[in-house]
Structures are given as C-alpha cells and as structure tokens.
Amino acid sequence: MNILDLRNVVKTYEQHVAVNDVSLEMPEGSVFGLLGPNGAGKTSLIRIITTITRADKGVVYFNGEKLNSRHPAEIGYMPEERGLYKKMKVGEHLLYLARLKGLSKRDAQRAIDDWMEKFYIKDWWNKKIEELSKGMQQKIQFIATVVHRPRLLILDEPFSGLDPVNTNLIKDEIAELNSQGTSIIFSTHRMEQVEEVCERIVLINKGENVLEGSVADVKQQFKENQFQINFSGELPGMLEEQFQIIRSENSTIVIQLESGDDSNQLLRHLIQSGVHIDAFHEILPTLNQIFIKKVGGNSDE
Amino acid sequence: MNKLWLIIKREYITRVRKWTFIIATILTPLGIGLYFLVSVLIMGYESGNQRIAVLDEGNILDKPLKTTDRAFFKKKNEWSFEEALVNFKEEAFDGVLHIPPIEDLKKIPSITYYSDQSLGIRTQQFINKQLEDRIKNARIAKSGLDKKTLKDLEADISIGLKSPNGEKEKDKTASTMVATGIGIFMGFVMYMTVFIYGMMVMRSVTEEKTTRIVEVMISSVKPFQLMMGKIIGVGAVGLTQITIWGILIPIMAFLVGLFFGPGDPDQFNDFSGSAAMDEEDMEIMMNLVVTELLALNWWYILPLFILFFLGGYFLYASLYAAVGSAMGDDLGEGQSLTIPITIPVIIAFVVMTVVVQNPHSDLAFWSSMFPLFSPIVMPARLAFQPPLWEIGLSLILLLVTAISFVWLSSRIYRVAILLYGKKISVRELGRWIFTSD
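Residue numbers (the numbering used here), protein chains in the order written: chain A, 1 to 301; chain B, 302 to 738.
Since the hints were derived computationally from the structure, they do not count as laboratory data.
Beta carbons are placed, not taken as given, at the ideal position from N, Cα and C, and that holds for glycine.
Each hint should be verified, as a subset may be incorrect.
Stated by the list, open to error - Derived DSBU-like pairs: lysine-lysine, alpha-carbon spacing no greater than 30 Å straight-line: (1) Lys89/A to Lys304/B; (2) Lys86/A to Lys319/B; (3) Lys310/B to Lys122/A; (4) Lys87/A to Lys523/B; (5) Lys304/B to Lys364/B; (6) Lys523/B to Lys57/A; (7) Lys134/A to Lys523/B; (8) Lys377/B to Lys367/B; (9) Lys127/A to Lys304/B; (10) Lys87/A to Lys219/A; (11) Lys105/A to Lys377/B; (12) Lys66/A to Lys304/B; (13) Lys127/A to Lys375/B; (14) Lys407/B to Lys122/A; (15) Lys86/A to Lys304/B.
Said to hold, decoys possible - Stretch by stretch, here's where chain B covers chain A in the computed footprint (C-beta under 8 Å, at least three residues): (16) 46-56; (17) 259-266.
Using the sequences and the accompanying hints, generate a full structural model.
Set out below in structure tokens:
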C-alpha cells in the first residue's frame, strides 16, 4: 500500500511553474528523501501534500484515497521556517496545536505529557516560548509535529539549528516513529543525512521529478565501475595498459573498468601477479555526487 | 466548526489575559473619571481666600457683594480712588475692585480690579454674576424707566412645536441636545473601535506571517478558519472591552457627580462653561437631560448599535486582515496599504459630525446607506429616531457588504499569507481574488 501516490501533479504560480507534472509513489512505512536545490519546487510539492494549496492538475492519493480535508489530521508537517506563538506558554501551545489536529483535550494532554517526559522538559510547561533558546523551540516544534501520531510525517530540514546531541535525540525519535509504522518524508540538502536515513529518494529540479528510486538502486544506476584496491607488495607492470587507472597511491589504487568488464577478471589478474590484496570494493557514488551531477549548473542558484 | 471555535478561544483568551488589556480596560474609565475630577478641581482652584476692597463710587450696590469662602468683600467708600490704590495693602486686602459711577447710559461702566495677583476664574465669574444685575438695575433707575414696564416688554421666546396634524409635541430642545450628544458619542465609539480592533487584527495577521507560525497553522486548519477565528476572537475582545466600559464609565460619572454634585451646583456651572446660566436653570436643564436620557428607547438603540458595530467591524477588520496578510517583514511598506482603508473611516467620522447637526438631511440619508460610512453614521442617528425602513435598509446593505468583504479578503488572505519576500501590488491583490487555490 502506498501512503502517497502523486499522479501528474502540476502547480503554477503566475507565470512560474513550480511543480511540473510530478508523479511519485511512496510506500507506507518508508523513509523518503525529497531532494532538490533551492527553488526546485520542494516546498510547493509539500504544500500540496499537506493540503495547504491545491494542485492545478493531477491527483494526489493519500493511503489510496483522494486527498481531502480529513487527511491533514493524519499528516504532521514541520516546515523549514519554524514558527510558534512567542507569547504562549509551552504547554498551552502544544495543547492548542494538538487540538487543532483533532485530538480531544484528554488525549492531547496525555500525548504531550509523554513527549515532554521523553525529552526531559516536563518542567517547561509554564515557560513562554520566547524564553526558550532556538534549539529548545525546535524540540517543541518537533513535538507539535508528531503529537497527534500522524501516519505521514513531513520534515523540512529537521536538524538545522540543532546541536549534535539534540540532532541525535530527534534522529532516534524519527527512527522510533518509523519503526512503529510512520511514513516519513525528509526534505533536506544534507546528503549525508539522506544516505543515513532514507530508503527511497526523489530528486526534484525545476519542478520536475528527475530521479526516483531506492537509494541503493539510484547508486547502482549512477555507479561508474570504479574499484578501489588496497594492496601490499608490488603491482604488476603493464597494468595501465590493460586497465584504466584513475588514481594510484602507495598502497591504494583506483581502477576504472569498461561497462562490460567483469570485476573478477581484474581481481584474478592482480592475484595471479602475486600482489597481496587487502581490500577490494566498488566505489559507489555518494548521493551528493549524484545530486550535483544531475542538477549540475542547472540549479537556479 | 470545532477548529474555528478553538481559534476564536485562543485569540480571545490570550488577549483578554494580557495585563495590557486589563490595565487599558480598567484604567480608561478611571482615567476618564480622573480627567473630569481634575478638570473640575483645576477650575475650582483658587489661591486661597481673597480679601477684596470694594470702591463703589456711584453707590450702585444696593446691598454689599455676597462674601463666599473664596472671597471676602468690604466696601471702602471712605477712600478716594488714589488712596485706595495705596492703602489696600496696609489693611491686608489683596486688591481693589473699582466700580465707577454711571455717567453715560450708552456706556457700560468699566469695572477694574487692581491687584498684584489675578483673580481666579471662578471668583471673577462670581463677581460678574453679582454685578451684572445690579448695574443693570442701576442703569434702569437712572434712565427713568419703570422696572416693571421693562420686564413686561421682555420677549423671552420659546418655539412651540406642533406636528402637521395639529398635535402638540413636547418641547424638543433638550431631547435634540441629548440626541446630538448621544449620536456623537456613539459615532465616536464606533470610529475608535473600528480603528483599534481593525488594527489589532492586522498586526496579529502580520505577526503570524512573519513568525511563520502560519504555515504550521494552515497545515491543520483552512486559511479562512484562521482568518475568521482571529476576526471573531478580536471582535469578542472588543465587545468585552466596550461592555466593561459601558458599565464602568456611568459608575465613574456617578461617583464624580456624587463627589461634587448637588451640594455645590455652581461647580457644574463653571464646568459646563455656561456661567451665565442661573443655578436654577442649570438644575432644570440637568433634570431634563437625565429625563431625556432615560426616555430614549435604549432597548431599541443598544441592540442596533451592536448590530452596526458587528457589521462595521467585520467589514473593516476583514480588510485589515487582508492588508495584514499582504504585509511582509517590512512594516513601513505595508503601512501604505492601510491608507485606502483608513481614509473612508476618517471621512465617515467627519460626515457623522455633520450629520448629527442635521440628522434628517439628504447627506444623513445617503451616508447612512453607504456601507463604508453607515456603521459610523447610522448609530449616530439612532437617537434621532430615523424611519425604521432606513435603519433596516442600511443594516441590510451593511451586512451584505460585510459578508462580501469577508469573502474577498479571505481570497486575498489565503494567497498572500504564504508569500514571502515579495512586494505585493494592489493589482496582484485584485487578481488573487479570482484565482483558485
């Protein structure tokens, strides 16, 4: 079952096409990376999913149903630009947002208590938002996003502005929520985080879906048949006549194979020549490299 | 509906609980009371008991001037004018009041007070009042006319009012005065509330936008709910404040009145500035005003006032909300957008002040039909009992306009609230009304 299913979604602002014919599928329970340079249309896409705006064309299915006004209660959205009512007290604020998501007062109270306990901030209930540091506010914002147990969680740059300790705290909570079945959309520029957390990604550029798939598949798709060998001993002479050497250092060498070549053949050749192989592995492109390769200089920035 | 209610509740409670609200609500009537109190006190303030030597050269005063707790009068006709000016200090007088003899009937004798310190306003008025009659009598006597004949000749006119079908109507001067006062007061309250609470809505919308909370909010609720929740919540704050004032101000007025009231009616004389009015007349007038105030049909005026308040408030507050949503971080730039809204409010106020003078004129009619003016003009006319059909039509026009303005504003709001870092032109605002979500 797909938690989200976008079909040919188009959104135009004035003369500018923000989302151009995007289709994507997101399986329930997956962690999904929504990537793209600034101004690519990520936020526009998220706003359509969260029902903040409506698509001009195309259809969005949420859990098999056409997106409708009941669905926001099942979605938790943390925008990149955070905002809270500065003058409100932490407890009241969380209660307010939770109730707007449709929780009863009792359920909301209980859920908030649990979360505040989990984050060791029980005694913040009566503090005003403006008295909190930015990182602390971020925690409150996170609680506000998840308090109604959404089936789909949309996090836009969730770790920006957080110190490493709190980053880990939130990361663990996200993992925990995911293990309980929550589907998560993760929008970020930080590729190392995407690689760490996401199972699937979609890359948006200029409003279009330019790449979609599981992280492993995408990497396979963009690999360049490069192999790194750590060795001891002497490399056979004439190696460069048979193989293209990209880089060569004391005991490390990187070799580029032709697309049809078998890596075993390289390995066999090396072993036969008497070199001792310490490690042999394929160099897969990082998502960062793929991102830059795919978006290149075409980004709006 | 439930969400709208939650929003209204938050908007209302966070404002009503603020100490600035509590202070403004309680201190304003106190301040008004204090203002009256202080102004009465200042007017009544004299630099202490003054001893005044009276030099009545023409013996105009048939009996001596009345001495009060402020001024002590002593006739000193044994002095010549020159002597008086030198001597008065030695006998511990503060000054000399010189009343020259009446020589020429065509000239009013010039009465002068010689002193190092000036007389207080109240003492001056007190002397004036006492002298005027006596000088008049003295001059009548000198002219040889009989006082009684003169009195018979006096033409104290009051215009009798009759409706065309011949029925005699009761005296309307007092009721007109009261109606004018009430009218101006109601128009003014309307004008203030539209401004204060409209601006409050605008600031709050802008704040939600600039702090970015709005994106979180409208992922849970519809922009329309958020906007309406705010407008209704702030409006409820306004009604609360007006109600509290409506209760506290009369109480304050009553207390101030009690403090100075019946014991010393001349305080009121001075206060109203109509020193020429007799104390008796004043009392009659006050009674009349109170009677007229009570005679007004409040059960009919107050609900209508509330209806016009609601119509006017929704109309203007929704416009302010739309402007607030279009404002960015740069508040100065947004201010210019408020001008088109502010101008009709001010014009309406000016028109209202003219209309109360002539509440059945064409201007009064048309301005109370025009929905941008009617919430301020019509309540000002209510005390004059305009025809029912006029009130009804005005109200219908106002409510229809208010509803359509709320709709228009919500169309602008939902687009503008999500737009950042872009200057918004009035033309764009217009176009958003017709674009879909």
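To see whether the hints hold, each was checked on the structure:
| no. | hint | result |
| --- | --- | --- |
| 1 | Lys89/A to Lys304/B | holds, 20 Å |
| 2 | Lys86/A to Lys319/B | holds, 13 Å |
| 3 | Lys310/B to Lys122/A | holds, 25 Å |
| 4 | Lys87/A to Lys523/B | holds, 23 Å |
| 5 | Lys304/B to Lys364/B | violated, 81 Å |
| 6 | Lys523/B to Lys57/A | holds, 20 Å |
| 7 | Lys134/A to Lys523/B | holds, 28 Å |
| 8 | Lys377/B to Lys367/B | holds, 15 Å |
| 9 | Lys127/A to Lys304/B | holds, 25 Å |
| 10 | Lys87/A to Lys219/A | violated, 47 Å |
| 11 | Lys105/A to Lys377/B | violated, 88 Å |
| 12 | Lys66/A to Lys304/B | holds, 22 Å |
| 13 | Lys127/A to Lys375/B | violated, 74 Å |
| 14 | Lys407/B to Lys122/A | violated, 92 Å |
| 15 | Lys86/A to Lys304/B | holds, 21 Å |
| 16 | 46-56 | holds (count 7) |
| 17 | 259-266 | violated (count 0) |
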